[in-house]
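S.K.: Chain residues, written in single-letter form:
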Amino acid sequence: MTLLFIEQILNGVQLGVMLFLMAAGLTLVFGVMGLINLAHGSLYMVGAFAAAAVAASTGSFLLGVVASIVAAAVAGVLIEMLVIRRLYGRDHLDQVLATFALILIFSEGTRMVFGSFPLYLQIPPALAGPITLPGGIEYPLFRLTLIVIGLIVAFALYLLITKTRLGIQIQAGEEDREMISALGIDISKLYTFVFALGAALAGLSGALVGTLQSVEVGMGEPVLITAFVVIVIGGIGSIQGALIGAILVGLTQTLGAFLLPSLSITLFGSPDTGQVLSSMLIYILMALVLLFRPQGLMGVKT
Amino acid sequence: MIPERLYNGIIWLGLIAFGLLAYFIDEPYWLTLATRAMIFAIAGLGLNLVLGYGGMISFGHAAFFGIGGYAVGILATHAQTYDPIFAGFITLTGTQFMPYTWAIAVIAGGIGAALIGAISLRTQGAYFIMITLAFGQMFYYFAISWPAYGGEDGMSIYLRGGFPGANTLRPFDFFWVTFGVLTAVILLIRTLNASPFGLSLNAVRQTPERVETVGISPFRLRMTAFIISGMITALAGALFADLNKYVSPSMFSWTISGEIMIFVILGGVARLMGPVVGAIVFVTLEELLGGVSDHWHLYLGILLLLIVLFAKGGITGALTRKTQVQHG
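Top line first, the protein sequences correspond to chains A and B.
Using this note's numbering, read the first sequence as starting at 43 and increasing by one per residue.
Using this note's numbering, read the second sequence as starting at 3 and increasing by one per residue.
If you're looking for bench data, these hints aren't it; they were derived computationally from the structure.
For every residue, glycine included, the Cβ atom is placed at its ideal position computed from N, Cα and C.
Hints are not guaranteed to be accurate.
Here are some of the chain A residues that sit facing chain B, going by a computed Cβ distance under 8 Å [stated by the list, open to error]:
1) 72
2) 125
3) 140
4) 154
5) 157
6) 271
7) 305
8) 328
Computed spacing ranges between beta-carbons, pair by pair [said to hold, decoys possible]:
9) B/196 - A/336: 22 to 28 Å
10) B/196 - A/206: 53 to 59 Å
11) B/212 - A/333: 27 to 33 Å
Bound conformation, chain A alone (with noise of 0.2 Å):
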């Protein structure tokens, strides 16, 4: 029991990076261009897609790894100099407008050149199968990789955003938009930038993700839900607070999923009512967070 409850954090934990790569792109781009961008799943798709599709032709996982990074993030460059760019100045309604019309696009698309059926990313040799961990916990090594991956991934970016020049224009596009650009930084190749790399860790945890699952259309948009319930626990805009809602709703799925059933087999006798509670949790967690701190757990108050 102790074992697979283990099994299940780290299970709980994977998922958690994952989103975090999904959620870090989002609330970046709301935080830096105050853009609410629903086509950020679409992304996700996108770079399953390249993967899957580069992988199958050259045999090479890591090659569908960097096709998904490049596809998503020259994806993202061509829709934010065609479309997005468009919409910075335009309200949120707009927004959701135009971005719900490339999901539609993205997808029937895709849907063109890959036809209906899902595809499958096998995982490479080297990475499957079990490891051991310290205290005989055997957990699959592609999973671990992720986490891994996931936490690079994260500490680059504080890297990025806290140390680089580029980081520091960022933040300080987040502060006062019309100040930097004032200042004479090129504020729309900034915008492109930070599209683009939201773009690129979306397009990765596609790949990712997508190896575990399947790569299918419409796979992006569910992710994204989630992302959203990430952000709005972490507080929009904060990649800390990303990183924290994204562990802490996957923990909760992820344990939810594991635990209720078996309590409701204990307290009712049937699985039934843990199986719908579990479906439920992390928008329970959500309207929690919202009842006690509006803003999220690392927002400002405004």
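Keeping the supplied structure of chain A fixed, place chain B upon it in accordance with the hints.
M.R.: Structure of chain B alone, referenced to chain A:
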């Protein structure tokens, strides 16, 4: 460019004419399509109340649409099996009598809206959009994981609900029943808009601070609008369940929330007949383009993108004289 009142009248009379035409040239499929469009229009009228007049961008109205549908589905299942829903100090049995099923759908939608509203209306702007989207998804997962009423498979309704004086199984009769509901909802929205409630709701959208200064609580106004809106959309869901004789978790899907929003945008935000025009155009395009190409969502996406970027105000805005409204 024509006055909006004339435009509204033309649309309403046009629906009557279409119903009669389809009947006389014996095209029951047209009647069913028009009924579908009118049901979508009712859902859109519900959303327009909060999105258009109230300035609250709800991306979770599928929750109410689904609640209305499930209310009808659950009542019908129990009516068909003669198994009471609840037997205790009072006994609740299933029913397929439309006025009852509508009433229960509307009440359930109102309760759902009160719950979602109580939390989401404490926030604004981007938070509100994300939270309504998330709660909509919560209902979707709830419907999927709830085994008592079909889970992922949904429920079939073997017989469409009944309405006094009409044989609802005939497309012609069901068309007029739906038309009656649509007309009642349009009149309700028109009355609300002209009432002190509607005027203050408009004022809350523009400057909430000013409304608060004169002693009206913006939260209460928004909450009232949100509940009425949820009720109207639930009524549309109830009709949709009877139209298809089937309910499934897909009624709760986020894409339904997006489509209801498209009805409003296509037709014109904060215009009385906007959602009606939007729903008619949507169903027509779906039928025409969906017939030629499997990929009609691609064209819908491009159309929506062009409207948002270049033609704010939708079809109604392009055809009638009235000034633009701004949304937060």
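S.K.: Against each hint, give a clear statement of whether it holds in the structure.
M.R.: Comparing the hints with the structure gives:
1. 72: holds (6 Å)
2. 125: holds (7 Å)
3. 140: holds (5 Å)
4. 154: holds (6 Å)
5. 157: violated (11 Å)
6. 271: holds (5 Å)
7. 305: violated (15 Å)
8. 328: The hint holds - residue 328 of chain A has a Cβ within 8 Å of chain B, the shortest such distance being about 6 Å.
9. B/196 - A/336: 22 to 28 Å: violated (34 Å)
10. B/196 - A/206: 53 to 59 Å: holds (58 Å)
11. B/212 - A/333: 27 to 33 Å: Given a distance of about 28 Å, which is inside 27 to 33 Å, the answer is holds.
Hint check: violations occur at hints 5, 7, 9; the rest are consistent with the structure.
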